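**Student:** Got chain H sorted already, so can you dock chains D, L and S onto it with the hints?
Sequence lines, in order, name chains H, D, L and S.
Each residue of the first sequence is one higher than the one before, starting from 1 at the first, in our numbering.
Each residue of the second sequence is one higher than the one before, starting from 111 at the first, in our numbering.
Each residue of the third sequence is one higher than the one before, starting from 221 at the first, in our numbering.
Each residue of the fourth sequence is one higher than the one before, starting from 331 at the first, in our numbering.
Zero decoy hints are in this set.
Simulated restraints, written as ranges between beta carbons of each label pair: (1) Ala239/L - Ala130/D: 42 to 48 Å; (2) Ala437/S - Glu163/D: 49 to 55 Å; (3) Ala437/S - Asn321/L: 37 to 43 Å.
Keep in mind the hints are simulated off the structure, nothing from the lab.
A quick note: this is a predicted structure, and the numbers were derived from the prediction, not measured.
No residue lacks a Cβ here, since even glycine has one placed at the ideal position from N, Cα and C.
Number of protein chains: 4
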Amino acid sequence: MNGDSGLAELTAATAEFAAAREWQPWHTPKNLVMALSGEVGELTALFQWLTPEESAVVMRDETVAADVRDEIADVMLYLVQLARVLDVDLVEVATAKLARNEHRFPALPR
Amino acid sequence: MNGDSGLAELTAATAEFAAAREWQPWHTPKNLVMALSGEVGELTALFQWLTPEESAVVMRDETVAADVRDEIADVMLYLVQLARVLDVDLVEVATAKLARNEHRFPALPR
Amino acid sequence: MNGDSGLAELTAATAEFAAAREWQPWHTPKNLVMALSGEVGELTALFQWLTPEESAVVMRDETVAADVRDEIADVMLYLVQLARVLDVDLVEVATAKLARNEHRFPALPR
Amino acid sequence: MNGDSGLAELTAATAEFAAAREWQPWHTPKNLVMALSGEVGELTALFQWLTPEESAVVMRDETVAADVRDEIADVMLYLVQLARVLDVDLVEVATAKLARNEHRFPALPR
Numbered sequence: 001m002n003g004d005s006g007l008a009e010l011t012a013a014t015a016e017f018a019a020a021r022e023w024q025p026w027h028t029p030k031n032l033v034m035a036l037s038g039e040v041g042e043l044t045a046l047f048q049w050l051t052p053e054e055s056a057v058v059m060r061d062e063t064v065a066a067d068v069r070d071e072i073a074d075v076m077l078y079l080v081q082l083a084r085v086l087d088v089d090l091v092e093v094a095t096a097k098l099a100r101n102e103h104r105f106p107a108l109p110r
Numbered sequence: 111m112n113g114d115s116g117l118a119e120l121t122a123a124t125a126e127f128a129a130a131r132e133w134q135p136w137h138t139p140k141n142l143v144m145a146l147s148g149e150v151g152e153l154t155a156l157f158q159w160l161t162p163e164e165s166a167v168v169m170r171d172e173t174v175a176a177d178v179r180d181e182i183a184d185v186m187l188y189l190v191q192l193a194r195v196l197d198v199d200l201v202e203v204a205t206a207k208l209a210r211n212e213h214r215f216p217a218l219p220r
Numbered sequence: 221m222n223g224d225s226g227l228a229e230l231t232a233a234t235a236e237f238a239a240a241r242e243w244q245p246w247h248t249p250k251n252l253v254m255a256l257s258g259e260v261g262e263l264t265a266l267f268q269w270l271t272p273e274e275s276a277v278v279m280r281d282e283t284v285a286a287d288v289r290d291e292i293a294d295v296m297l298y299l300v301q302l303a304r305v306l307d308v309d310l311v312e313v314a315t316a317k318l319a320r321n322e323h324r325f326p327a328l329p330r
Numbered sequence: 331m332n333g334d335s336g337l338a339e340l341t342a343a344t345a346e347f348a349a350a351r352e353w354q355p356w357h358t359p360k361n362l363v364m365a366l367s368g369e370v371g372e373l374t375a376l377f378q379w380l381t382p383e384e385s386a387v388v389m390r391d392e393t394v395a396a397d398v399r400d401e402i403a404d405v406m407l408y409l410v411q412l413a414r415v416l417d418v419d420l421v422e423v424a425t426a427k428l429a430r431n432e433h434r435f436p437a438l439p440r
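Extracted from the complex, chain H is given alone in its bound form (with noise of 0.2 Å):
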């Protein structure tokens, strides 16, 4: 699968998602801000028990794997609906972020 081309399709299949089981009323974006932060604690709980050496190796353990990609996913399909619902390109306004990041935190000189 090319991950490019997939996330206007994931965002629209989202879309249709809720749509066919009648969920939009409760997709505000107050709500999506909560379920995104619910997964992100999940996310957190594999993770915190975890060296920091263990957790560079985490997905050589193909359960713990699963579980990692499972919650990623959570975390960017509420991600991805949270963008929808306010209209914000998730690319867009990371990448230029990104770019004024540049500015305030300077490379070192090679």
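**Tutor:** Leaving out everything else, chains D, L and S in the frame of chain H:
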């Protein structure tokens, strides 16, 4: 800007950004999860006192809208970096999870 | 039970609990902050789809109320443990902060 | 200060504080959970780049220690307020949960 064509570029740009500052030692998965969580906390703070109705029109106020876009950008930047160091394709895992959710939560009959 | 007389006892009990399981090496401040954050995520998930009005009467449903109490308990347990390992008196710092807030946010005139 | 005798007083003081500013309409359980989550995010940010070893001695730096105490105070204040509006006794539920955990996670043999 094309949000779709930019995710791979954004991912690469975050890698270059961290490398140019020699920040990689701090960018363990564990630390990036914490950074993601901290940014979601800042996003949450923007919505905590809003009614559902106020949250639905939060982008009408240009000052607040700029803050919301800024925090969403920070969340996206750390999510992209976390996915990069874990070698997870954000769109792929989210698309796959959405497909699984189609079965877990059947759509309403038409 | 007297909630007041129990905070010092609770704090001591969490220390004994961790020691009896030899969990102290995992209970660094960093890890306990993550554990606290993860539990707040679970608490958040209980409230994410509720309207403000529903959230105000959430304790009327005994099943949900039990879940809420359980998650609040987990949050409190990790906050108590974090404060203990950092040698922070929870009531003292919160009382002092509230006093500072009295000045930051003046009360309405009567 | 006696941390034990102060929790009931602190709880009452937060009620008076909110009433004097007529903030009660905003202090729904849902909103207080979000506020708690936002403060935990700020606390998380203080620890995100620290090694476990650095986090263990974080209070040796008086400036950082003051920030840590300040964020823990904010977390405690919102937790106390959430518990108050939900009529939950923080020490009671945490003590009861710890007792249940004694059974879920048996202590090591001596």
